[in-house]
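Peer 1: Keeping the supplied structure of chain R fixed, place chain D upon it in accordance with the hints.
There are 2 protein chains.
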Amino acid sequence: MNSAAVSVGIVSPQRFHSVAPLTLQNGSVLDTYELVYETYGTLNTDKSNALLICHALSGHHHAAGLHQEDDAKPGWWDACIGPNKAIDTNAFFVVSVNNLGGCHGSTGPRSINPNTGKTYGPDFPHVVVKDWVNTQAALADHLGIDVFAAVVGGSLGGMQALQWSIDYPDRLRACVAIASAAKLSAQNIAFNEIARQAISSDQDFNEGRYFEEEKNPDRGLGLARMIGHVTYLSADGMGTKFGREVKSGDFDAGYDVEFQVESYLNYQGRAFTQYFDANTYLLMTKALDHFDPARETKGDLVSAFQKATCKYLVLSFSTDWRFSAARSQEIVDALVRAKKNVASAVIESEHGHDSFLLPIERYTNALKTFLDQLLIMQKGESE
Amino acid sequence: MNSAAVSVGIVSPQRFHSVAPLTLQNGSVLDTYELVYETYGTLNTDKSNALLICHALSGHHHAAGLHQEDDAKPGWWDACIGPNKAIDTNAFFVVSVNNLGGCHGSTGPRSINPNTGKTYGPDFPHVVVKDWVNTQAALADHLGIDVFAAVVGGSLGGMQALQWSIDYPDRLRACVAIASAAKLSAQNIAFNEIARQAISSDQDFNEGRYFEEEKNPDRGLGLARMIGHVTYLSADGMGTKFGREVKSGDFDAGYDVEFQVESYLNYQGRAFTQYFDANTYLLMTKALDHFDPARETKGDLVSAFQKATCKYLVLSFSTDWRFSAARSQEIVDALVRAKKNVASAVIESEHGHDSFLLPIERYTNALKTFLDQLLIMQKGESE
Numbered sequence: 003m004n005s006a007a008v009s010v011g012i013v014s015p016q017r018f019h020s021v022a023p024l025t026l027q028n029g030s031v032l033d034t035y036e037l038v039y040e041t042y043g044t045l046n047t048d049k050s051n052a053l054l055i056c057h058a059l060s061g062h063h064h065a066a067g068l069h070q071e072d073d074a075k076p077g078w079w080d081a082c083i084g085p086n087k088a089i090d091t092n093a094f095f096v097v098s099v100n101n102l103g104g105c106h107g108s109t110g111p112r113s114i115n116p117n118t119g120k121t122y123g124p125d126f127p128h129v130v131v132k133d134w135v136n137t138q139a140a141l142a143d144h145l146g147i148d149v150f151a152a153v154v155g156g157s158l159g160g161m162q163a164l165q166w167s168i169d170y171p172d173r174l175r176a177c178v179a180i181a182s183a184a185k186l187s188a189q190n191i192a193f194n195e196i197a198r199q200a201i202s203s204d205q206d207f208n209e210g211r212y213f214e215e216e217k218n219p220d221r222g223l224g225l226a227r228m229i230g231h232v233t234y235l236s237a238d239g240m241g242t243k244f245g246r247e248v249k250s251g252d253f254d255a256g257y258d259v260e261f262q263v264e265s266y267l268n269y270q271g272r273a274f275t276q277y278f279d280a281n282t283y284l285l286m287t288k289a290l291d292h293f294d295p296a297r298e299t300k301g302d303l304v305s306a307f308q309k310a311t312c313k314y315l316v317l318s319f320s321t322d323w324r325f326s327a328a329r330s331q332e333i334v335d336a337l338v339r340a341k342k343n344v345a346s347a348v349i350e351s352e353h354g355h356d357s358f359l360l361p362i363e364r365y366t367n368a369l370k371t372f373l374d375q376l377l378i379m380q381k382g383e384s385e
Numbered sequence: 003m004n005s006a007a008v009s010v011g012i013v014s015p016q017r018f019h020s021v022a023p024l025t026l027q028n029g030s031v032l033d034t035y036e037l038v039y040e041t042y043g044t045l046n047t048d049k050s051n052a053l054l055i056c057h058a059l060s061g062h063h064h065a066a067g068l069h070q071e072d073d074a075k076p077g078w079w080d081a082c083i084g085p086n087k088a089i090d091t092n093a094f095f096v097v098s099v100n101n102l103g104g105c106h107g108s109t110g111p112r113s114i115n116p117n118t119g120k121t122y123g124p125d126f127p128h129v130v131v132k133d134w135v136n137t138q139a140a141l142a143d144h145l146g147i148d149v150f151a152a153v154v155g156g157s158l159g160g161m162q163a164l165q166w167s168i169d170y171p172d173r174l175r176a177c178v179a180i181a182s183a184a185k186l187s188a189q190n191i192a193f194n195e196i197a198r199q200a201i202s203s204d205q206d207f208n209e210g211r212y213f214e215e216e217k218n219p220d221r222g223l224g225l226a227r228m229i230g231h232v233t234y235l236s237a238d239g240m241g242t243k244f245g246r247e248v249k250s251g252d253f254d255a256g257y258d259v260e261f262q263v264e265s266y267l268n269y270q271g272r273a274f275t276q277y278f279d280a281n282t283y284l285l286m287t288k289a290l291d292h293f294d295p296a297r298e299t300k301g302d303l304v305s306a307f308q309k310a311t312c313k314y315l316v317l318s319f320s321t322d323w324r325f326s327a328a329r330s331q332e333i334v335d336a337l338v339r340a341k342k343n344v345a346s347a348v349i350e351s352e353h354g355h356d357s358f359l360l361p362i363e364r365y366t367n368a369l370k371t372f373l374d375q376l377l378i379m380q381k382g383e384s385e
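These protein sequence lines map, in sequence, to chains R and D. Residues in the first sequence are numbered from 3 upward in steps of one, following the working numbering. Residues in the second sequence are numbered from 3 upward in steps of one, following the working numbering.
Bound-form chain R, shown alone (with noise of 0.2 Å):
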């Protein structure tokens, strides 16, 4: 069976072109700006039932269905998007967005700087979630939709709708964190900073400017994808797809690659290379190191929630040690001590923080059972 016949089927990307000016966090200003988007399902005629997809470090706005017939991948969040899916396109009109700063269409290092005539490369102004969140508050605004049903995400995609639940409290009716964390640890920091180091000691990174000299920091990169792929998956769940199988026969003499998880990640960073770009990779890791809602509440993290009115449902995975469960925890203790309305649970699962683009049972049902239930109580409401 094709997998478009159980999906979303074949999508195409839309194109939202903003003129109003973006003030970033940082100061900078963004004349006008361009967001790549697709939707699944159909927004009813009272718009209520509108639900927005965040994307983590390397997503982007192909979350579910083909491009083509032929394509050998769907979009990458498959796994729960779609009729009858954890996030039902029966029910929910989806909208998934690539973030402002991303390498998949949307505004962002690849662009042309309109001041400049050149590609932004490394100008491109530093982004933090609360300019990725109020860039989708505008695309709403474009596509009419006041208040979203549910805005949901994975890790980076996570705090972005932790991040809605307190900017923009009216204009979402539930929040949806999975496999996230209200700041990053310091190994997460550190992991990070290392693969920032990898790709900018790269010899070909030219400071940023690669692309003028037409080349591209292909091993820097494709190392930065090895570190966080590891960090990604379980030790447990790596022993039991690799073990230690060697690549072919016995061990040879040399340096070369000898066992299938290192022919794994070889590949891995090579396919990373070839459809991600190193600027933007050092935003997205910077936008993760720079998250923290408590910020404006000089660290209280249960006054930041304060202002917030939607339900919650905070999702975490026990082999998870990227963002373990320890750290949706201290979320759904913010929560509690906010006294919102939170739901909880950690899935057992040996994949480790990949978990969550997964088909696991247990957590797909867990995020169908609330997200259908947002559009029971909806109905209830409005009746």
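No lab work stands behind these hints, which were simulated from the structure alone. A portion of the hints provided could be inaccurate.
Just so you have them, the derived chain R footprint on chain D, three or more residues with Cβ under 8 Å [said to hold, decoys possible]:
hint	segment
1	185-197
2	224-231
Examples of chain R residues toward chain D, derived with CB under 10 Å [said to hold, decoys possible]:
hint	residue
3	Leu145
4	Arg175
5	Ala188
6	Ser203
7	Ser236
8	Phe261
In this text, a Cβ means the ideal position worked out from N, Cα and C, and glycines have one as well.
Peer 2: Coordinates of chain D only, in the frame set by chain R:
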């Protein structure tokens, strides 16, 4: 108080020059080689109190004491080796050797290949744990030590201690393996592979012949160290040590180092390149990957331990995720099934893998009690 005062004091490295050809596991032959080593304490008349220290990935022979009065730091395991310390130099004659292939004075990639008159560099043969054990046994012959009271090591050092108990069962009375594993996990191999890729993709690596151009792959080697370092610490320990403290004042708007943890890691990376050789790092990580004492018994670790006759102490640390307590438990389980005499403990510590280097009271007490008991028993037997 000068640290030398509570330590073994001023020590001087010594050299062992082997003129017997050495055939390595991969078939290469070294006609001659040198090992640099230190000793602490006094060998007793019946030579029954000798204790061998095996070092880990980035270690060397200088395990205790100072080389000069004004040394900023003592040897790497000074917390555990000295008068009345866990490894009591009033009781034991401690031998600490820089492994073959190392970069602190023993024959290795930085040495001159006598067959060519040029630096070995990447042509230095691949060395595995069994080779180290054989060269350490040759050093014992040179020192007139037939039987070690104990062979002791942490991490990769613990692997050497385990291999000693299998390959030279009559030449040690006790094996102490701390924060070690019977073989690396897929995750561990993955981190090692990323470190190797960081080194070999540095533009100054020059296929391992960096010295010919008077260059050094500082960025790659620094990255490798940073990756290792993060994995040697626990997430909680890093949180306690660094939190999310910014380096100075508030965030700036650039991609420069902002958090204390980034500054610390960058320093560690740079410092490492001043005293460690990239080819040795590649060699040591491959020796880690290849370690598998059960290879000769078709993967059966119980059978591998069958011929061992020594006592064992196996220690691990609660927050060590690079060589977790579960990996030590695998060693203990195999030893129990092989009906060997084994004591073990999981030590509570927030310091991750690096715990084995630290003066943690329950740890040093467990180690000291086990080792002191060896001499008491030995004395009892010889009376």
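Peer 1: Each hint needs a verdict: does it hold in this structure or not?
Peer 2: For each hint, the structure was consulted:
Proximity of the segment 185-197 of chain D to chain R, defined as three or more residues with a beta carbon under 8 Å from a beta carbon of that chain, is established by the 10 residues found. A stretch counts as covered by a chain when three or more of its residues have a beta carbon under 8 Å from one of that chain; for the segment 224-231 of chain D and chain R the count is 4, and the coverage holds. Below 10 Å, beta-carbon pairs count as interface contacts, and R/Leu145 has none with chain D, the closest being about 31 Å; its hint is therefore violated. About 31 Å separates the beta-carbon of R/Arg175 from the nearest beta-carbon of chain D, more than 10 Å, and the hint is not met.
Hint status for R/Ala188 relative to chain D: holds, with the closest Cβ pair at about 4 Å, below 10 Å. Of the supplied interface hints, the one on R/Ser203 holds, with its beta-carbon coming within about 4 Å of a beta-carbon of chain D, less than 10 Å. Because the beta carbon of R/Ser236 sits about 8 Å from the nearest beta carbon in chain D, less than 10 Å, this interface hint is met. With 10 Å as the threshold, the beta carbon of R/Phe261 comes within range of chain D, its nearest partner Cβ sitting at about 5 Å, so the hint holds.
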